[in-house]
Each structure stands twice: as C-alpha cells, then as structure tokens.
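Protein chains in written order, with my numbering: chain D, 273 to 549; chain V, 273 to 549; chain E, 62 to 371; chain G, 62 to 371.
Calculated directly from the structure, the hints in this document are not laboratory data. Source: prediction; values computed, not measured. Hints should not be assumed to be uniformly reliable.
[Said to hold, decoys possible] Using 30 Å as the maximum straight-line C-alpha spacing, the simulated DSSO-like pairs for lysine-lysine come out as follows:
(1) E:K213 <-> E:K75
(2) D:K358 <-> D:K471
(3) E:K75 <-> E:K173
(4) G:K110 <-> G:K75
(5) E:K347 <-> D:K358
(6) G:K135 <-> G:K213
(7) V:K375 <-> D:K358
(8) V:K304 <-> D:K375
(9) V:K375 <-> D:K304
(10) D:K375 <-> V:K358
(11) D:K375 <-> D:K358
(12) D:K375 <-> V:K375
(13) G:K173 <-> G:K110
(14) V:K304 <-> V:K431
(15) V:K358 <-> V:K375
(16) V:K358 <-> G:K110
(17) D:K358 <-> D:K304
(18) E:K294 <-> E:K135
(19) D:K304 <-> D:K375
(20) E:K173 <-> E:K110
(21) E:K135 <-> E:K110
Listed below are the residues making up each chain.
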Amino acid sequence: MGSGAHVNDSPFPVAETLCPVVANDWVNDSYKHLILDAAHGAIHAEPGQFFHLLCPSIGENVPFYRRPMSIYRIDRAQGRLEFLYKIVGRGTTTLAALAPGEKLNIFGPLGRRFDFETRCRHIVQVARGVGLATLAPVAEAAGQLGIRTTAILSARSPKHLMSIEYLRSTGAGVISVTDSEGTSGVEAVEDIVRGLIEKEGGDFLLTCGSNRLLQLLQRLGREYGIAGEVALEQHMGCGIGMCFACVREFRAPGGGITYRRVCWEGPVFDIQEAVSW
Amino acid sequence: MGSGAHVNDSPFPVAETLCPVVANDWVNDSYKHLILDAAHGAIHAEPGQFFHLLCPSIGENVPFYRRPMSIYRIDRAQGRLEFLYKIVGRGTTTLAALAPGEKLNIFGPLGRRFDFETRCRHIVQVARGVGLATLAPVAEAAGQLGIRTTAILSARSPKHLMSIEYLRSTGAGVISVTDSEGTSGVEAVEDIVRGLIEKEGGDFLLTCGSNRLLQLLQRLGREYGIAGEVALEQHMGCGIGMCFACVREFRAPGGGITYRRVCWEGPVFDIQEAVSW
Amino acid sequence: MVDMRVRIGEIELKNPVMPGSGTMGEGLARVMDLNRIGAIVTKTITPDKREGCVPPRMVEYKDGSLMAIGIPCKGPDHYIEEILPHYRAYATPVVCSVSAPTVEAFGQLAAKLSVPGVSVIEANISCPNLEQDGKAFGMDAEASARVVRRIKESTDRPVWAKLTPNVTDIAAIAQAVEAAGADAITCANGMLGMAVDVENFQPALGNITGGMTGPCMRPIILRMAWQVARAVKIPIIGSGGMATARDALEYLMVGCSAVQIGTINFVRPTAMLEVIDGVEAFCRRKGLRAARELTGAMVPRREFKEQQVA
Amino acid sequence: MVDMRVRIGEIELKNPVMPGSGTMGEGLARVMDLNRIGAIVTKTITPDKREGCVPPRMVEYKDGSLMAIGIPCKGPDHYIEEILPHYRAYATPVVCSVSAPTVEAFGQLAAKLSVPGVSVIEANISCPNLEQDGKAFGMDAEASARVVRRIKESTDRPVWAKLTPNVTDIAAIAQAVEAAGADAITCANGMLGMAVDVENFQPALGNITGGMTGPCMRPIILRMAWQVARAVKIPIIGSGGMATARDALEYLMVGCSAVQIGTINFVRPTAMLEVIDGVEAFCRRKGLRAARELTGAMVPRREFKEQQVA
Ligand SMILES: Cc1cc2nc3c(=O)[nH]c(=O)nc-3n(C[C@H](O)[C@H](O)[C@H](O)COP(=O)(O)OP(=O)(O)OC[C@H]3O[C@@H](n4cnc5c(N)ncnc54)[C@H](O)[C@@H]3O)c2cc1C
Ligand SMILES: Cc1cc2nc3c(=O)[nH]c(=O)nc-3n(C[C@H](O)[C@H](O)[C@H](O)COP(=O)(O)OP(=O)(O)OC[C@H]3O[C@@H](n4cnc5c(N)ncnc54)[C@H](O)[C@@H]3O)c2cc1C
Ligand SMILES: Cc1cc2nc3c(=O)[nH]c(=O)nc-3n(C[C@H](O)[C@H](O)[C@H](O)COP(=O)(O)O)c2cc1C
Ligand SMILES: Cc1cc2nc3c(=O)[nH]c(=O)nc-3n(C[C@H](O)[C@H](O)[C@H](O)COP(=O)(O)O)c2cc1C
Ligand code: FES
Ligand code: FES
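Chain D with its partners taken away, still in its complex shape:
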C-alpha cells in the first residue's frame, strides 16, 4: 500500500483547491493546454502524479465523477499548474469550455510519482498521444538534476506533435516519429531506442500512452537489463484508493496475476510488472 503522494508540512497533503484559470488554449485541433493559478496550494506535486478535476456540467454533458489528468508542468516560481489534455468526451468537453478567470475545483496531488532520480544517468522516454503530457515534467525535473533525457515523440502526423520546444528548453533531446512520415513503426522506434542504449548510455526507460511501445520497452528492458517505469490509465472513481474501480492487471511478485489500483499503487508502475493490454 505504498503511496507516492507528496507529504508536506500541512496535516492534509491532499486537498480540494479552487484554482483560477490563467489560460486554456488550443494546441492543435484536439488538444488544449490548461494553466491554473495554484499559488495557494496544490503546488507540491511531482512528475507522474495527477490531479482529479471536477469538470463542470454544461447542457447534456454532466460528468458525475472527477477526471484524472497528469501534471504536465509544475511552475513553482509562478505558482502554476499546467495540464495538456485531449478532448474526448463529456468531461474534457466541459473542461475545454473554461475561460480565463473561471475557477476549477482540483483534487490532489494524487498517486505515485516517477522514481528515477537516484536510478539513472540517461532517461529514454517514448511517448505517444496523451502520454506526452505525463512524461514531459520528467524531462524538466531530470534536467535540473543533471540527468540527461531523450524523448521520442510519436504522433499521427507532424502537426500532431506537441511540446517539442518545451522539451528542448529543459535540455532534453527530442526525436520525433510520425505515422504519416512512416517513421513511427515499432521496428523504427526499436532501432532508435537500441541506439540510445548502446551508444548514448540510455539506462532508464519511461513510457505512457501506447501498448505497443510498452511491449517494446519491456522487451528491450529485459534484454539490456535496464529498469524503467510506465504510467498507466484507467477509468477512475475516487482517485485516492478508496473505490477500487481503477484496477488493472499486473504480474504478481509470486507469479500469476493481481489487480492494482492505478490511482493508488500507480499511476506509475515498474515497467516489467505492467501487463500489456
């Protein structure tokens, strides 16, 4: 029952906070970038953790539960939390309708953070789609610790690539692959990752958002004997380990399969324990 939720001095490390919206702009035709003013709380978040957002009800879109969103960026200097999200259904539709100045009720920080600081010198992260939002803050945190990051970004087409500048600004190397250019196939990505491990000292694998990429990195991790983590998603009720709605299958230490809660034992898991889906 480990929890990576950051514990600070306050008696209640996890809280509901009403955060004014600073910006909520389109990044491309299906993603928005939400910036919240969280100066008075909720800023003690770490890469890999998430917040549970109380998306408003508008018309037919009446989301009952909160919606989990990874922290895309924690800007402690300005007291801001940033999210990068794709509009897919009821909750994200009403989230997208938020205008600057309106307030959003967020609950968190929740879940287990990435654990890389003392474990590596060169992180190789491979992200597709929304996965990017989850992995991006690792590059920034790693950079501050002098850990090198190379991010392989996979997307449908070049215009679906996001955050290249932000990642570069953290000092990360960025390699982009896309379906439309025919560069995103598993074999192509495999070649890139092997190169990074064999020639650039890549010694920690991170992924999020794609089953095939997870399987690839599990295989390469085993082959080269290097550790790694994966951030997983599952539909959530409470977000804080109480309802057991968010379980996924994992390889049990003693063999066999067990269920673990993505919100509580995760969303970050050992890459080899995750069962691909």
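On the provided structure of chain D, position chains V, E and G with the ligands as indicated by the hints.
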C-alpha cells in the same frame, strides 16, 4: 377535455422551437425580461397561453423538466416572443444566464387562452408579482379590440412595480398599490375594484398570482354577477395534458371537488370554479 | 432499408417503439404524427372513477422524477366513448392498459374494453400507488398469474403483463405470468420511492410515496429485463429510463423485442421519433437488415485489444 | 450549541455521519481529520482472499454510477495487521463490515475480527456481486436472521445488519433481523443494475451486473428506510444517495438515527464534513437542541396556506 391551444394551418400546432435570444435583461433585482426571436414558428400564441422552456443545465443546477412561462408579449410584427420572469430556483437561475445569441428550446404554445373578447367592455385586472406577466398581454389584445382595461398592480414596494409604461402604451389604465405605501391591503383593493365596477363599467375580472386577490374577486364577481377568469400555476411535468402532475382542486359542476390539469384545462379557468389555496 | 417491424406474439408493430402507459395522451397528437410509432399505449383504466392522488404530485431530480399521480380515471365507458375515438384516425394499434382491485374485476374490465380499436390488453399489475404501502398484485407470483389467467379467459386480445420492479425475483414473476398465458411481458413500471420536504418536516408528495422513473432508473430496470429475458420465451417490452436510441438499444440487446418510452416524453415530446430514427441508423451503420436482429444481440465480453501504431 | 451525539444501541457516536463500507479508505486520512466523523466503517472483509471483479468496473451516469467491484480482500489477518492500525490514531469507533459465503463462516469471521479497535460488526448480507445473479442472504428473511443470530453468538460487539434493497418487502427482512438480535439496521446497500456497451454488443461491466449507487437512488432507498423505521424498534442507519445535509435530513426525518455517506465521497472527499456541519446548522436554525430530535421528525402534511398580502 377542451383545449384552447391555438390551432393553425400546420398539421402540428404545438412544437419545439429553438429560438435565438435577442435580449435577457434585468428589470429589477429579481426579475428578468427575455426576448426571443421566434420568427420561424411559435408565434401563434395567444394571451394566457404559455411555453414550456428547456432551461439549460449549468453546474449544480440541472433542471430535469421544462419550466412553464406565460407569454408576456407577442410581437407578431417583429416575430418575437417575450417573457417576464422571476428568478426563484434551478431553472430560472440558468435561464437568467442566457446571453443574446444563445438559443433556447421552447415548447408550445400550450394551454387555454383568456376568453374575454366577446364577453366584456371593461376588463378589471388585478395582478401581483409574476401574475403581471400573465395578464399583461390581455391589455394589449383588448386595446386592439377597443375593450378598455384597467390594471391594478400590487407589489411590495414602488420599485417592485413593473410594466407600468408598457401597460399604459396599450391604452390601459394603471393603478398601482404597494405594501410599503400601505395601499395594497385587501380592503383598499376592494374599494378600487368596487369603484371601477360601479362607476366605470368594469364588467370582467381577471387575476393571477395572489390567493387573497382571487378570493376578493370571486366575492365581488358573485356579488355583482360579473364573469371573470383566473390564471393558475402548478408544478408541471409535460405541459400538454399527459402526466397529470399539474392538477389543482376545482369546484365540480355537480358540487364537490375535482382535479383539473393546469396545463390542459387551464392555466386560465373560470374565476368562480377555482378553489383558492 | 432496415426492416423495422417487430412481432409481439400475434401482433406485428411497424417498429419497436411505443409510449409507456400514462406517459402519452391526446395532446401528443398536436405535436407529432402518431402513425409513426409502433403502438399507442393508453393510460391505465380502472373499473371505477377516481380523481388520483392528492397534490403535490411530483418531485424533480437531476436525472429523473418521482411522481405520485395515482390513476385518475373516468371509467371504461368514458374511455370507449371519449378517449379511443381520438386514436381512430391512426393506423397504429392501441394497447389498452387496465388495472383493478380484484382478479375478477380485472377480468370484467378487460372484457368490457375488448372493443374495436383496442388491439392489446396490458395488465398493469404493478402500479405502486393504488395499493397500501405500494403492495400490488405484481409483488406476488401467484396473484400475478391469477390476474393474467382471468384476463385471458375474458378477452381474445393478446395480453401483456406489466410487471412491477419492486420485487426480489422478477424472473419468477415473469415465469408465472408466462405460464398463465401472457402473450408478452412489459418490464417494468416505476419503482416506489419517496421524498421529504425537510424545511417543513413533511412528505414532499401528497401520497407520501410515488413512482421513480426517468433515465436514472435505467440500469436497474435494464438488469431486470435481462433477468426476465433469460427466464421466459415470450416477447419482452422494456420500459424504464430510456431517453435516446442508445438507451433503447441496451434494452433490445439484453433481449427485449420492443420498448416503451415514458418520462422523457414529458421533456422532449418527440423523443420516440428520435429513438426510432436512431435505432434505424444504428442498424444501417452496423449492417443489420432488421431491427429484430438486435433482440438479445448482447454477447459475452471479448478480450479487448486496442489497435495502435507503435 | 447543538448536541450532535447519537446513540446506536449501546454505542454512542459523536455525530450521526459515517462513511458507507467500501466508500472510504486509508487515503481519506490524507484529506481530512477522521476524528470529526461519527464512525469509521471499513470495507467488507471476507474469510478468503479475493481479487474482486474483472474490469471494467464502473459506468458513470448523470447522477450516480454503477460499480462492479466485488470484494477485493486480503483476508482477516491482513485487516487486523495492516488496515486497523491505520485507524488507531483516531478516537472514532471502527465498524468492521464482514461478509461470508455461509452462516458458519460469517460467525467465525466475526469472532476473528472482534479484536481491540473494532467497536461494531456490520454484517453485509447484501453485497449484490458475490452471489450468482445478485442473489444474496439478504434476499431471504430466514437466511438473514440466521446470519445475525450466528454472529451474535460469536461476538460481544454490537451487530448491525446491512440489508439489500433488492427485495419485495424490506420491512419483513428488517423484522427478521431485529428478532434475531441485530442491534441496528443499515438500510441499504447498492441496487443491482447493469449496462450495455451497445457499440460492441457486450456488457459494459466485466461482471455484467453491478451496484447502482449515488444521488439518483436516494428516493428508492429513503422509501425503504421509512418502511423499515415503521416496522422495527432498533436504530436504523440510512445509506443511499446522500450528497448534502439536506439529503441526510430526509433520512433522519423518516426515522434513521444515523447515516452513511457513500459514493459522493468519491466526488467530494470532504462531503461528510459538509453533512455534519449542515445538519448542525439546520438544527440551530430550527431551534432543535439535539440532532437526535430529527429522528422520525417527519409529520403528516399540513394544509399549506401561503402568507400573502392582497
Ligand atoms: C492518471 C491519469 C492521467 C491522465 N492524464 C491525462 C493527460 O494528461 N491528458 C489527457 O488528455 N488525458 C489524460 N488522462 C486521460 C483522461 O483522464 C481521460 O481522457 C478523461 O477522463 C476522459 O474524460 P471524458 O469525460 O472527456 O471522456 P468520457 O469518455 O465521456 O468519459 C467517460 C468515463 O470514462 C473515463 N475515461 C475515458 N477515457 C479515459 C482514459 N483514457 N483514462 C481514464 N479514464 C478515462 C472518464 O474519466 C469517465 O469516467 C489521464 C488518465 C489517467 C488515469
Ligand atoms: C402556466 C404558468 C405560467 C407561468 N408564468 C410565469 C411567468 O410568466 N413568469 C414567472 O416568473 N413565473 C411564471 N410561472 C412560474 C414559473 O414556472 C416558476 O417560477 C418556475 O417553474 C420555477 O422554476 P425554478 O426551477 O427556477 O424553481 P425551483 O423551485 O427550483 O423548481 C422546482 C420545481 O418546481 C416547479 N415550480 C416552482 N415554482 C413554481 C410555480 N410558481 N409554478 C409552477 N411550477 C413551479 C418548477 O417548475 C420545478 O419543477 C408560471 C407557472 C405556470 C404554471
Ligand atoms: C406520470 C406517470 C404516469 C404513469 N402512469 C402509468 C399508468 O397509468 N399505468 C402504467 O402501467 N404505467 C404508468 N407509468 C409508468 C410508465 O408507463 C413507465 O413504465 C415508467 O415510467 C418507466 O419508464 P420511464 O423511465 O421511461 O418513464 C406512469 C409513469 C409516469 C411517469
Ligand atoms: C465502490 C463501492 C464499493 C462498495 N463496497 C461495499 C462493501 O464492500 N460493503 C458494503 O456493505 N457496501 C459497499 N458499498 C455500498 C455502500 O456502502 C453504500 O451502502 C451504497 O453505496 C449506498 O450509498 P451511496 O448511494 O451514498 O453510495 C459499496 C459502494 C460502492 C459505490
Ligand atoms: S479510483 Fe478509486 S481506487 Fe482508484
Ligand atoms: S403538466 Fe403534465 S398534465 Fe399538466
């Protein structure tokens, strides 16, 4: 099972219409005046009828059923429907949030209209609160037929009086009485009504919105032998006679009490048949 | 072209969508063409005249409502003389819902109402408001069966038994009415609920309890329809919480042959037309030639494999 | 000052508000002070270890949700060693919910769990997911009574019987468990529902059926609490669809002595505190000196007379 809903040439006289909001402005601190563009339908409404409004869902305010609103003004020339409403709960709160250009789904026209045209020469109407919204269009319609109207408006204080100018512009006489001035007591109103009947030829009584005023007019109607109508309210489901949620007690023709549907047999009823509440 | 016809025992409907008893009325003819729906189901008729429940009669929730209407009724003669004629103009079959205080009265009423223009008798053995504390025939398998048997003796019309959801084992009741000769089962009526006006320390409804209906009840009644479908062979007409074609598809897929749309008619008066069009569009999109192929089309969960590029 | 204490048989709670079993967890201690609530109710423990239901485990609606969690459990030893210690820091009494496949196993489990730190045993005879088709002990009065009797033999702790709402006559079950010696009744668990993933023609839940809970179920369960309150003398703890103090007041007024807040904890993690504060504020506003005066405070409807000036 009479229905006064206006029948026009279309096969379906009652319809859902999406109407753009032209204006939705405050009249005082608790009332708003809603103007809809109904040029392409729903304009065949008559005084006393109502529309059933699909108030939007916003946040905690998720009104399941529609909300009945009397027609305050039918502006056939401009193709506009107007409503005057008080913000009291969930539905009227979200109604109040509508901005010009947004669309409102309205269903109607519904219910039985006032029936005064061939029955009188001088209408005396006594309205309190929201009742005013229901009675106002009678003055305009009566004016066009050369029937005189005197409207006695009752309110908490002079600043709660509404529509005096509009009523005067239809040619109606307006007498205002208020609690704060001490002029709105039943006895005071009784004196005014008696005066209008005895000295000004008042020969038809209309009321809406106050139980005491209803009782007063029933008594005076019986005493002077003059007819009249009352518009009643009740919580509604369907608005079109199907659910039987909106019944109120009435004096049955053969004696005793019966229930009638406000939306279908009403909302306009013979003033003597109504049971005060 | 999707064949939208469905067969409920010996009668064929042009499509599987009809209103729930008590949730349509003559007023609906002012809004839409009643020839478009699968059947017209009229409000329950009782042998005697009744005014119905004392107001207030409704409490509204976010996704449904509690109504305590009772069964206001002007009796069977009024039905035959004043209500049926309204529907004579339509080719749509009329389902006449009946309720009575005794088995014998059920039989007599059904006989009396088996007049030209009535195609089906639906036995409302489930109305939660008439009997004390919500107890009703439909809460007991044997009583339910007796009602159906008695009505079958007294009419040549198909008899649908409309069950109450306020039971432990709805499948057992369904089997009992099937054995008693019911031609179809309507599953189900509103569920008994109540509300308190806490400001005034009193019940919110004049009748204290009422029937809870609307979208929020769909998961419960859908489960019951599924249980009934696995227990009987006669057709099932689902009734509970449908607002859209998607919702109706749920009922059809768990084994219903048709559906009754209720409360949502009060909010969106042309909801039934949207459901008909939506079910047809779904069949077209999925390559089904007939809506009846949807009945019982739910299969066990497949292992879900996401299709993804690297 | 409003006296918020309530007495449930031999134990006194500092206020009438506690979580429903399975709707709180150690995580809540990171969000609020567990000393503020009336009791801590832990997730149901079974004698054996179980992983719970196959995902997907939830379907969301506008005003509630369908969850098929099953009872993931690491067994009673793990409970005593790993879970109970989390709550030792609080003065709040712990109610330990138990479930088992046989009467005998219920008894043994209750005995095993009657350890220091456990103040009450709540018998979950109602969980809809474990037994086939949702059948459960709680659907049968005699089986319910036997469970309670067996647990009473094996523990000196007060025993609360948590009923299932999936029954025809909940008052009869309540009377049976009262006669069997239950110290209080929790009314009730989630109602059995289901959903279909129509796009894929398959059940939406891995377990096919699940428990429907949340605000939309309140009118149904409130009605049951009222029926139970009229049938028994032991205290009743309401559980179903409460989101606000207003909702809790409904349960108290129909006859409950305390309430369990469930699903809404997942949406508003401090909902219980809002309910406590709201009930206290209501008492103050209405001039009640003690929250227990609310229990059964509903009276028949008064003839309503509006106060109006001319
Ligand atoms: C830990 C975690 C972090 C996430 N971070 C991000 C992020 O940074 N950016 C981003 O765009 N998305 C992220 N997601 C996915 C995001 O939560 C879903 O896209 C979102 O909940 C969809 O809600 P909706 O109401 O728009 O969709 P709907 O389909 O209407 O939602 C219906 C239900 O399904 C759930 N649901 C649907 N898709 C997902 C999903 N992929 N994961 C979890 N629940 C889902 C919803 O929460 C809701 O309960 C994350 C998910 C998890 C679990
Ligand atoms: C035929 C008719 C004409 C009306 N015309 C007007 C008008 O022109 N202007 C105006 O301001 N109001 C009018 N009303 C009253 C108006 O319908 C209510 O104020 C409104 O429904 C309140 O909705 P709410 O959601 O804001 O209040 P809530 O209290 O949140 O509503 C809860 C429920 O109670 C119902 N309700 C509450 N008060 C009333 C009421 N007085 N009458 C009927 N239902 C009520 C609501 O419709 C809803 O179903 C009329 C009512 C009727 C029946
Ligand atoms: C206002 C109202 C009145 C009803 N009257 C009857 C009735 O007279 N007879 C009957 O069998 N069912 C009656 N019902 C039940 C409906 O026919 C239907 O079975 C139920 O509402 C469930 O469907 P829904 O959730 O779509 O409304 C009534 C329901 C409502 C809401
Ligand atoms: C996710 C979830 C898990 C639950 N687990 C249990 C359980 O283990 N034992 C139990 O007795 N009730 C369990 N319940 C039922 C709740 O305790 C409560 O009685 C029910 O949810 C109704 O209250 P609500 O509408 O406020 O949620 C569970 C409910 C939910 C939503
Ligand atoms: S979302 Fe409730 S346990 Fe994870
Ligand atoms: S509101 Fe449905 S009958 Fe009047």
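Tell me if the straight-line CA distance from K304 (chain V) to K431 (chain V) falls inside 30 Å. The given pair, whose Cα atoms are some 14 Å apart, holds under the 30 Å limit.
Hint consistency between K375 (chain V) and K304 (chain D) [alpha-carbon to alpha-carbon, up to 30 Å]: holds (26 Å)
If you draw a straight line from the CA of K375 (chain D) to the CA of K375 (chain V), is it 30 Å or shorter? Satisfied, since the Cα-Cα distance of roughly 25 Å is no more than 30 Å.
Hint check: K135 (chain G) vs K213 (chain G), CA-CA at most 30 Å. Holds or violated? The given pair, whose Cα atoms are some 24 Å apart, holds under the 30 Å limit.
Between K304 (chain D) and K375 (chain D), is the straight-line Cα distance small enough, at 30 Å or below? Holds, at roughly 17 Å.
Does K110 (chain G) pair with K75 (chain G) here, judged by a C-alpha cut-off of 30 Å? Given pair K110 (chain G), K75 (chain G) is violated - Cα atoms ~34 Å apart, limit 30 Å.
Does the alpha-carbon distance linking K213 (chain E) and K75 (chain E) stay inside the 30 Å limit? The given pair, whose Cα atoms are some 25 Å apart, holds under the 30 Å limit.
For the pair we were handed, K173 (chain E) and K110 (chain E), check the Cα-Cα distance against 30 Å. Measuring from Cα to Cα gives roughly 15 Å; hence the hint holds.
Under the criterion that the straight-line Cα-Cα distance not exceed 30 Å, is the pair K375 (chain V), K358 (chain D) satisfied? holds (27 Å)
Keeping to a limit of 30 Å between CA atoms, is the pair of K173 (chain G) and K110 (chain G) held or broken? holds (15 Å)
Could you grab the alpha-carbon distance between K294 (chain E) and K135 (chain E) and see if it respects the 30 Å cut-off? violated (36 Å)
Regarding the pair K358 (chain V) and K110 (chain G), is the alpha-carbon distance no greater than 30 Å? violated (59 Å)
Comparing the model with each numbered hint stated earlier shows that hints 2, 4, 16 and 18 do not hold.
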